[in-house]
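**Q** In case you want the letters, here they are:
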Amino acid sequence: MLRTVLVANRGEIALRVARACRELGIRVVAVYSTEDRDSAVVRFADQAVHIGPGPASASYLNMPAIIEAARQAGADAIHPGYGFLSEDPDFAEVCQSNGLVFVGPPAKVIAQLGDKIAARSLMAAADVPLLPGSIEPLRNETEARACAEEIGYPVIIKAAAGGGGRGMQIVRDSADFLAAYRETTARAQTLFGDNRVYVERYVDHPRHVEVQVLCDQHGNAVHLGERDCTVQRRHQKLVEETPAPGLPEEVTARLGETALRGARAVGYVGAGTFEFLVDGNGNFSFMEVNCRIQVEHPVTELTTGIDLVQQQLRIAGGEPLAIGQADVTPRGVAIECRINAEDPERNFAPAPGTLEEFVPAGGPFVRVDTHGFTGYRVPGTYDSLLAKLAVWAPTRDEAIARMRRALGEFRISGPGVRTTADFLAQVVSSAPFRNATHSTALVEHMLNGTVRSGDAANAD
Amino acid sequence: MLRTVLVANRGEIALRVARACRELGIRVVAVYSTEDRDSAVVRFADQAVHIGPGPASASYLNMPAIIEAARQAGADAIHPGYGFLSEDPDFAEVCQSNGLVFVGPPAKVIAQLGDKIAARSLMAAADVPLLPGSIEPLRNETEARACAEEIGYPVIIKAAAGGGGRGMQIVRDSADFLAAYRETTARAQTLFGDNRVYVERYVDHPRHVEVQVLCDQHGNAVHLGERDCTVQRRHQKLVEETPAPGLPEEVTARLGETALRGARAVGYVGAGTFEFLVDGNGNFSFMEVNCRIQVEHPVTELTTGIDLVQQQLRIAGGEPLAIGQADVTPRGVAIECRINAEDPERNFAPAPGTLEEFVPAGGPFVRVDTHGFTGYRVPGTYDSLLAKLAVWAPTRDEAIARMRRALGEFRISGPGVRTTADFLAQVVSSAPFRNATHSTALVEHMLNGTVRSGDAANAD
Amino acid sequence: MSEQPSVGLDDRFDERFERDFVGERSRELEHALDRVTRAVSEVTRCAHLPSALRVRGGDLSVEIEWHNQAPVATVTETAPALAGAPVATLPTNGGAAARTDAEHTVTAPTVGVFYRAPEPGAAPFVEVGDEVTAGQQIGIVEVMKLMVPVEADRAGRVTAVLQENNTAVEYGTPLFRIAQEG
Amino acid sequence: MSEQPSVGLDDRFDERFERDFVGERSRELEHALDRVTRAVSEVTRCAHLPSALRVRGGDLSVEIEWHNQAPVATVTETAPALAGAPVATLPTNGGAAARTDAEHTVTAPTVGVFYRAPEPGAAPFVEVGDEVTAGQQIGIVEVMKLMVPVEADRAGRVTAVLQENNTAVEYGTPLFRIAQEG
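Quick note, the sequences are listed as chains W, Y, R and X, same order. By our numbering, the letter at position 118 of the first sequence is numbered 118, and the numbering carries on one by one without gaps. Position in the second sequence (from 1) plus 460 gives the number in our numbering. Position in the third sequence (from 1) plus 920 gives the number in our numbering. Position in the fourth sequence (from 1) plus 1102 gives the number in our numbering.
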C-alpha cells in the first residue's frame, strides 16, 4: 500500500483524490499555485506545498516543481487527477525515473493510446470495431481523398494528435474534401506540431457511450459498465449517466467485453475509459481511450458501490484486484451534472468570482463533489467546473426528478458569478432527454430553439 | 397520489420531507414559527405559512394553526416528521376530521402503540418476545414488588406513557424497590398525567436494534432490515448503523419476521420501527414501536436504495406497495452520525448561534441532511440536531474510515457555536465501536475515561 | 452589502447645529458640517460599514452611530409575512422619533381568517379615524371555529386597516396601524 | 488573511491636521476631512478590517468604530507557505510607514532547495549589510538538478537572510529582505 501520495491537481478532483487517500490511511500532500492557496484541498491535505504562481504552465504543469514537492514531502506516489499532466507520458516517465509511483498506466501505454493512429491500429488488431476509415495516417491529398470516397460521405478528418473536439472537421460533400483536408493538416501542425490526420465515417447525431475498466498489475481486469455522455456542448460533456438509456443489455454487455479485450491487448493498468460512438441501431465503434480517472466517474461509483479512486490507489500500490467481474452488479440509475461557473446567457463565458453564497444540494441519494464553499474565490485562471452533482435512484425517471430537485437547491452567488445549474435543469427537463431520444446535438438544439428547454415544466 | 402536502415540522426533517414531495411532483407547504422564518425549508417550499411565535407550543404543536394553514394552502395531507405532533393520536384524528390525510398510521394504532402496556399486550398476543415483566399495569406496590421478585433483579420500572428514556428507573436490589416505585409513579403522574407503570427485566449493556417496516393500506407489508442504535448518551441516539454488526444473519432474519408479525397484528400502516433489546447471546425482546419516520432512516435508505419518505407519501396516497420482500436486498454498510449544536466539553449543553462558517462534508458515498447553511442562525428554542451525516461503504471498516474522513470535513463555527462532530469522530474511532463490542454504555465509558476515545488515532 | 445605513441626520440637523454651534464661527462651521456630512456619506459607501463616527474640532463635535447591520442576514430573504411590516427608521432626535415611535402595528395573533366585524352584516369593530383604548377588541381572527379577538394593545387613533374583511392571514400579518396621540 | 492593509494616512497627517484645522479653519478643514474620508475608504478596502480608527491632532480628533462584520474572507486560513511572511504593522506615523514601504522581500522563484553560495564551500553570494544592485544574483534554488538563480529585483542593502543554506523552500518562500536606500 502507498504511504504518502502527492495530488498533482487542483479543484474538485484534487479533493476527490485526497478523500480517497484519507479513507485508505494514506498521507495526502496537496500542491497549489498562488491562486489556489486558500483552496479546499489545501485545507484538507496533511501537507500542502506551494509550487508556483497562478498560470498552470508554471505550477500544475510544472514537472520539476511537482517532482521536487514530492521529494520534499516524502511522497512515494503521485496522483495526477484529470487534465494537466494526467495523460502526459513524459510525466509518467519522469515520475518513474525519480522513484515515484505514477498513479495511472505505464508511460508507454499512455503514449500509444494518446496517438489516435497507433490506438486505432492496436484496437483493430484486438478486434475492437472501428468506424470505417484509415488506420494508418494518410500520406497525401490523393490518398486521403481516395480513402474518403471509399468510406462514403459524410466523413470526419481528425488530427492524429488531437482530442476533445480539437483538430477535427466534418466533410459532407466530395467537393469540399480537399479544402477541408488542407485546413485540418495545417491546423494540426499549428496546434500539435504534428500534421498527420486520418479520415473516418462521420456518424450524425450519435450517442456517446464509454466503458469503465479497472486493470491491475497482475493481469486481472474488470469492466464496471458503461456511461452515456451524449449531452455535450462543443464536445464538452455536461451530463453523464449510467446505464446508457435505451441500449439493449446485449449491446452493453458486448461493449463491456470489447473494452476489456482492448484493455488487455494494450497491457492497460489502472482505471481507464474506452469511448465509443453508438448509432441508432446499437452499432458501436471505438473512438479513444482515456488513460485517467474521468470527471464523470461518480455515476459508476453510485451504481456499482465501487470507489474508483481507491481502486486506482490500490492498483498503483501493487495490490491485485479484489473485485472479479461477478462482483460488479450495477444497481439503479445514476446521473451527474457538471455545474460550471459560466454564464449560459453570454455564450457560456467563464463567470468566476467570490462565492458570497454557496449552498450545495443535499439529502437523499445526492452526492456533491465540489471545492466550493462560502467565501471561496473561484479563480479565473483555470477551468470553470465548480461542482459535480450526482444523484441515484432505482429508475431513470426518478433519477431525473431527483436531479431537478437537487439542481434547484444550489444557491451560488457573488459579484460576477453565474453558473450553469439552471441551464442543466432545463436540459434534464427537456423532452428528448427524458425520453432518452437525444443525441450529441441536444444542447445545440436547445440553444437554437429547436428543442424547448422547459418542456417538462408542464409535463408533471 | 397526494397533490399538496403540508410539512408540520422544522429543521432537517422538514427539508427531508419537502425534498421527497418535490421529487414526487407534490406541492410542498412549509409552516414556520417566527424563529424559523429564514429557515432552509421556508426557502425550499412552494409556499410557507407563518403559524406562530417561537415556542413550539404556539407553533409546531399548535394544532388549530397547522390545520388552518393546511386549509389556507389547499393541502390535502399533512406530514408530521418526527417529534412534535408525529405520534399524537389526537392530531391524526383532527387531521382526518378536517378532511386531511395524516401521513402516518391511523390514530387508533398510534394510541395503542403509544401506551406501553397496551403495546406489550398486543405484542404478546402476536408472539413477539417480551422481556419478562408485567403486561398489565401494576395496580399497587404489593403487586409491583411481587412482579419484580418473580422476574428477578435488576428490573426497570417504566411509565406506561413514557418514552425516549423519560420516566424510567432501574432497580438492582429488592431493598430499593419500593422507593423507586413510588418515585416513578409520582414522576409519571407529573410528566404525563398518567401514573401507570410496569416492571420488566433490565438487561445490562444491551444492544439496541430496531427493524424498519413499511405497510400499505391494502395489507401488504415488508421489512427493510435492522438498524443498530446502540451508541447513545442518556437514551439519545448518537450513531446508527445497518446492518447490526456482529448479529448472525439468522437473528436479523428472525427480527425482521417478528417485526412484520407485530406490524400485521396491530394493523400498522405507513413507515414504522420496532425496537428491540438484544443481549450478548442474540436473544431479543420487544421494547416499543415508533409510529413515525425516524432520524436514523437514511442508513436504511443507503443500503436498500428505497426512499422511505417517498414510500410514506405513496402509502398515504393510497398506493399499494410496489416493493415485495424479495425486492429488499440490502447492500453494504451504512453509518449515520448526528451532529448536534452542543458543547461536549460543557456536558453537551446546547450551543446554538449564527453559523458564520458552515461547510458540510461531501464527496463519494457521503450524504448530508441538514438545514444549516452559512449565515443561518441556529435558534436556541428547539432541539440541537444540526446535521445528519450518513456514509455508505461495502464493509464496516471502510464505512468507519469514510465516516472519520467525512466528520473531519465539517467546518462549523460562529459565536457560541459548538458541535459534536469531533466527539463523534472519537466515538467511531474507539476500539469498542470499531470491534463492534460496544453496548449502550459506550459513551458513558468514554466520558468517564474507561474507554480511550482516541484509540484509533494510533491504530492506522 | 445590500442595504445602506439610514443615517439619522434629520431635516433639522443643520438648523440645530447652526443655532447651537455655528454662532460666531458661522460660515466656516457650516462649511465644516457640510464636509462632515459628505464625508459620512462617502464612508457609508464603503464595503465595511462603521458602527460609529465621532469628529471633534475645538468645541465642535459630531458623533454618529449606526445600528448593527447584521450583514449575513441581509442575504436572506424576508419571509413573506414580514414583507408588509413597517420598517422603523433610526430615531436621532425627539421630533423624528416621536412620529415613528407613535405609529404602531397590530398583527394577527394566529393564522386564520380575519374579520373586521363581530358577525356577518354587522358594523366593523373600528374604522380609520376611530379612537381606541388599550385592550379594546378591533377585529377577529377565526382559526378552526375558534374566534380569537384582535385587540388594540395601546390607546390611539386607527390610521389604517391593512387587510380586507374575510381574508386569510398568517401569524404576524399586519392588520391595523394605530397612531398614539402625543 | 492574505493581505495586510495599506492604510493611507501618511506620516505628516497629524502635522497637517494641526496646521489646517486649528489654524484658519475654512479651506484647511475641508482638506483635512477630505483626507480622513479618503483614509477611511482606503482602510475599508483592506482585507484586514480594523475595528476602530482614532486620529487626534491638536484639538481636532476623529474616531471611527466598526462593528465586527465577520467578513467571509476572514475564515480562510493562511496558507502554510505564507506563515513566515513578514507581518506589516499598521503604520500610524511616518517612521513606521517609511520602514515598511522601503523594505522589500525576495522570495523563492520555485519550489526547491535554497543555496546561499554558488557551490559547496564557496562564500555566500551576499551577507547582511551588503549592497546589491537590481538583477544581481544573491542565491540559488535547485529544482531537479536545475539551478534557478535568485536575483535582487531592486537595488538596496541586504537587511536579513531568511532561510538557512541548503533548506527546502516552496514557491514564494521569503529568502532575503532588502532595504531600499532613501
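Just so you know, these hints were derived from the structure itself, not from any lab. All C-beta atoms, glycine included, are put in the ideal place defined by N, C-alpha and C. Treat the hints with care, as some may be off.
[What the hints assert, rightly or not] A short, non-exhaustive set of chain R residues, derived as facing chain Y with CB atoms under 8 Å:
#1 Val1031
#2 Gly1032
#3 Met1067
#4 Val1078
#5 Leu1082
#6 Asn1086
#7 Ala1088
#8 Glu1090
#9 Tyr1091
#10 Gly1092
**Q** Decide, hint by hint, whether the structure agrees.
**A** Structure-based check of all given hints:
Given the 8 Å rule on beta carbons, the hint for Val1031(R) holds: about 5 Å separates it from the nearest Cβ of chain Y. Restraint check, Gly1032(R) versus chain Y: the minimum CB separation of about 5 Å is within 8 Å; hint holds. A hinted interface residue such as Met1067(R) counts as satisfied when its beta carbon comes closer than 8 Å to some beta carbon of chain Y; here the least separation is about 11 Å, so the hint is violated. Evaluation of the Val1078(R) hint against chain Y yields a violated restraint, the C-beta minimum of about 24 Å exceeding 8 Å.
A hinted interface residue such as Leu1082(R) counts as satisfied when its beta carbon comes closer than 8 Å to some beta carbon of chain Y; here the least separation is about 15 Å, so the hint is violated. The interface hint given for Asn1086(R) is violated, since its Cβ lies 13 Å from the closest Cβ of chain Y, which is over the 8 Å cut-off. Here the hint on Ala1088(R) is kept, as its CB sits about 5 Å from the closest CB of chain Y, short of 8 Å. Satisfaction of the interface hint for Glu1090(R) is found here, the shortest Cβ-Cβ separation to chain Y being roughly 4 Å, below the 8 Å cut-off.
For Tyr1091(R), the shortest C-beta to C-beta distance to chain Y is roughly 5 Å, which falls under 8 Å, so the interface hint holds. Interface hint at Gly1092(R): satisfied, since its Cβ lies 5 Å from the closest Cβ of chain Y, which is below the 8 Å cut-off.
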